[in-house]
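A.B. asks: Residue strings, one per chain:
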Amino acid sequence: MEKFSTLTAIAAPFPKKNVDTDLIIRIERCTGMPKEELGKYAFEMARTLPNGDEDPAFVFNQPRYRSPQIIVCGEFFGTGSSREVAVWALASMGVRCVIAPSFGQIFFNNCFQNGLLAITLPAPKVEELMRQASQPDAKPFTVDLANQRINDSVHFEVAPRNKKMLLEGLDEIGLTLAMEPKIAAFQNADRKQRPWIYS
Amino acid sequence: MSATMFDRIWDQHVVDDLGNGVFLLHVDRHLMHDLSGQRGQLELKKRGLRMRNPGLTLGSMDHVVSTVPGAKGGNAPWADKLINVFRTESREAGVRLYDIGEDGQGIVHVIGPETGFTLPGATLLCGDSHTCTHGALGALAWGIGTSELIHILATQTIVQQRPKTMRATFKGKPARGVTAKDLILALIGKIGTAGGVGYAVEYAGEAIRGLEMEGRMTVCNLSIEMGAKTGMVAPDQKTYDYLKGRRHAPKDALWDQALAHWKTLPSDADATFDKEHTLDCSSLAPQITWGTSPEDVIGVDGRIPGNKPEALAYMGLTEGNPIAGTKVDRVFIGSCTNSRLPDLRAAAEIVRGRKAAKHVKAWVVPGSWRIKQDAEAEGLHQVFLDAGFEWREAGCSMCVGVNGEVVEPQARCVSTSNRNFVGRQGPGARTHLASPAMAAAAALAGEIVDVRSF
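First to last, the protein sequences are chains A and B.
This note's numbering numbers the first residue of the first sequence as 1 and each following residue consecutively.
This note's numbering numbers the first residue of the second sequence as 1 and each following residue consecutively.
Certain hints may be false.
[Stated by the list, open to error] With a straight-line Cα cutoff of 25 Å, these simulated SDA-like cross-link-like pairs (lysine to any residue) come out: (1) B/K164 / A/G74; (2) B/K173 / B/G198; (3) A/K16 / B/G189; (4) B/K164 / A/V158; (5) B/K45 / A/N61; (6) B/K308 / A/M1; (7) A/K3 / B/G48; (8) B/K275 / A/M1; (9) B/K81 / A/G39; (10) B/K190 / A/E44.
[What the hints assert, rightly or not] Here are the computed distance ranges between Cβ atoms for each label pair: (11) A/A178 / B/D301: 57 to 65 Å; (12) B/Q237 / A/R191: 55 to 63 Å; (13) B/P409 / A/K35: 41 to 49 Å; (14) B/A269 / A/A178: 38 to 46 Å; (15) A/L49 / B/G70: 37 to 45 Å; (16) A/G32 / B/D274: 24 to 32 Å; (17) A/A189 / B/R247: 25 to 33 Å; (18) A/A178 / B/E378: 47 to 55 Å.
Worth flagging that the hints you see were computed from the coordinates, not collected in a lab.
We put the CB at the ideal spot given by N, CA and C, even for glycine.
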């Protein structure tokens, strides 16, 4: 997995609340398309006008934000369906960091599984970042994972394990496979306690 | 020390404490379906890994199957391809798969309980957000993404942050016409679609105890729609009676041993929860959503609020108007929320001897092959067919809209499913979530109507 240390990039403001994973990627695009190609279908329902043209007002259609690496989002981003394709689609757009007051929890986990940093901040702080990102002459944001800071001014929390996984580019399946003796020991003991689970 | 049911089950599954509230948990039960399951199987293979415990996984065809009467596959070549991959990979790995046309096939969250694969006190995971449904039997169940799915296939474990606990107590006796769906929609309306973020919810109170198992499944199913990690109901005699004799449920001495264990699970009387919510059910009206989030919900006797203009514009509704009387084009009775036999009976009871409005296209999609057979044995299919409804094969159908089974742009659908998101049932589709009886009534009246008037 690609490591994440410090990222400096233009941040795209996307204040819409309750953005669900159906909106991020339609279910028809979840049927086997290579991950790398998904970006062009991200937000397709919101990107296009009823006549099929691009909606120039939509944030990710604006030249400055077409391949955003940082997105600052509204409350409860990534709610809904468990489809990991939503994270793949964002990653394919170029996104490495998502900032929001709260997240759908499956989406949140899916981010870290794919090397994306999801940052939860109190709503007033997100609003301030949103305001900064929305300025026509907004400077790039810097997200420093090691020091848990955005633009040297905003501190953020990240679960220590998630931080380590991203900083070192670790793969969770690899880590757990190395714990096989513990898993085997658990099952051996559990088989005696709850044999009906294994029958 | 007193403990909640959630704490007890969580602690019984800890393989390792990874620190800072993160645990490696054993996964007792894993369900796979044709959409996320086959993708996980292919990725596992690509990584050169094998399934660790294929016997603890069960598969079923649901997301991409066609539910056109008599159909035996997908609606398109791509769907048939996914179905074939899932079939082949499952066979190769030694996973029991309930295939199309087989007793046991259906929506994963319907067939898990139906076959007795879902058990109290078990951890149960699936690559689908509505996995929380299985909490109705006292399982600890939640939905996962593809990476976590592959993690389970390879290790039979999951790495997870321990959530906080919440209890939602439903007091009072619901009035006639007020169902499990109405109870949970009302709670979501009260605490909001993010009200459960970070929590595992236990549903309690006399109204929950009074529900049959299928009603509890409906309640738990919508836990994800308030952002909760999971929702669960303590097992009781209804749970044990429901499970006994089912195909994958323990038998004989193992049943007795399991039963003794299950009876130790419920939360202690003095257990404390990190958060408590209470809802009085006795004054509730049947609920229906008006907007594009499940939290946008009112009683069917209510007026359309004006706090979300964007949602109203999408839904083609006007602030201040009564929701009742809104003209309807489509009705969908089905999904992992409301497609079980009691749901179909409740809808049929409203429909019996009446006709659907001429302009309404109404579908009934049973949740499983078995439910379809049982409903037909009771003659329910004839009730629907006589009224002009379509009686279809088992699957996810118009809830997920992956299989070409969609609501037309700008068409309005009263649906017993779980999500009224923008475009969920098809681009431009306008979805109103409601109970099976309310959906059936809307099909007959041709508009949103209070089922209590039937």
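A.B. asks: Would you mind marking each hint as holding or not holding in the structure?
C.D. replies: Here is what the structure says about each hint:
For the suggested pair B/K164 and A/G74, the alpha carbons sit about 23 Å apart, so the restraint of at most 25 Å is met. For a cut-off of 25 Å, the pair hint linking B/K173 to B/G198 is broken: about 29 Å separates their Cα positions. For the proposed pair A/K16 and B/G189, the alpha carbon gap of about 19 Å is at most 25 Å, so the pair holds. Only pairs whose Cα atoms come within 25 Å are accepted, and B/K164 paired with A/V158 is accepted, the gap being roughly 17 Å.
About 37 Å separates the Cα atoms of B/K45 and A/N61, which puts this hinted pair outside 25 Å; it is violated. Restraint check for B/K308 and A/M1: the C-alpha separation of about 40 Å exceeds 25 Å, so the hint is violated. For the hint pairing A/K3 with B/G48, the CA-to-CA distance comes to about 23 Å; that is within 25 Å, so the pair holds. With a CA separation close to 37 Å, the supplied pair B/K275 and A/M1 exceeds the 25 Å bound.
A threshold of 25 Å between alpha carbons decides the hint, and for B/K81 with A/G39 the separation of about 23 Å falls inside it, so the pair holds. A distance of roughly 32 Å separates the Cα atoms of B/K190 and A/E44; the hinted pair therefore is violated under the 25 Å criterion. The hint said 57 to 65 Å for the Cβ distance between A/A178 and B/D301, and at roughly 59 Å that hint holds. One distance hint, 55 to 63 Å for the beta-carbon pair B/Q237 and A/R191, is violated here, with the actual separation near 28 Å.
For the hinted restraint 41 to 49 Å between B/P409 and A/K35, the CB-CB distance of approximately 29 Å leaves it violated. Hint check: B/A269 to A/A178, Cβ distance near 42 Å, so the stated range 38 to 46 Å holds. For A/L49 paired with B/G70, a C-beta distance near 39 Å keeps the hint of 37 to 45 Å intact. Evaluation of the 24 to 32 Å hint for A/G32 and B/D274 yields a failure: the beta carbon distance comes to about 41 Å.
At roughly 27 Å, the beta carbons of A/A189 and B/R247 sit within the given window of 25 to 33 Å. A C-beta distance of roughly 54 Å is found between A/A178 and B/E378, which places it inside the suggested range of 47 to 55 Å.
This entry does not satisfy hints 2, 5, 6, 8, 10, 12, 13 and 16, going by the numbered hints stated previously.
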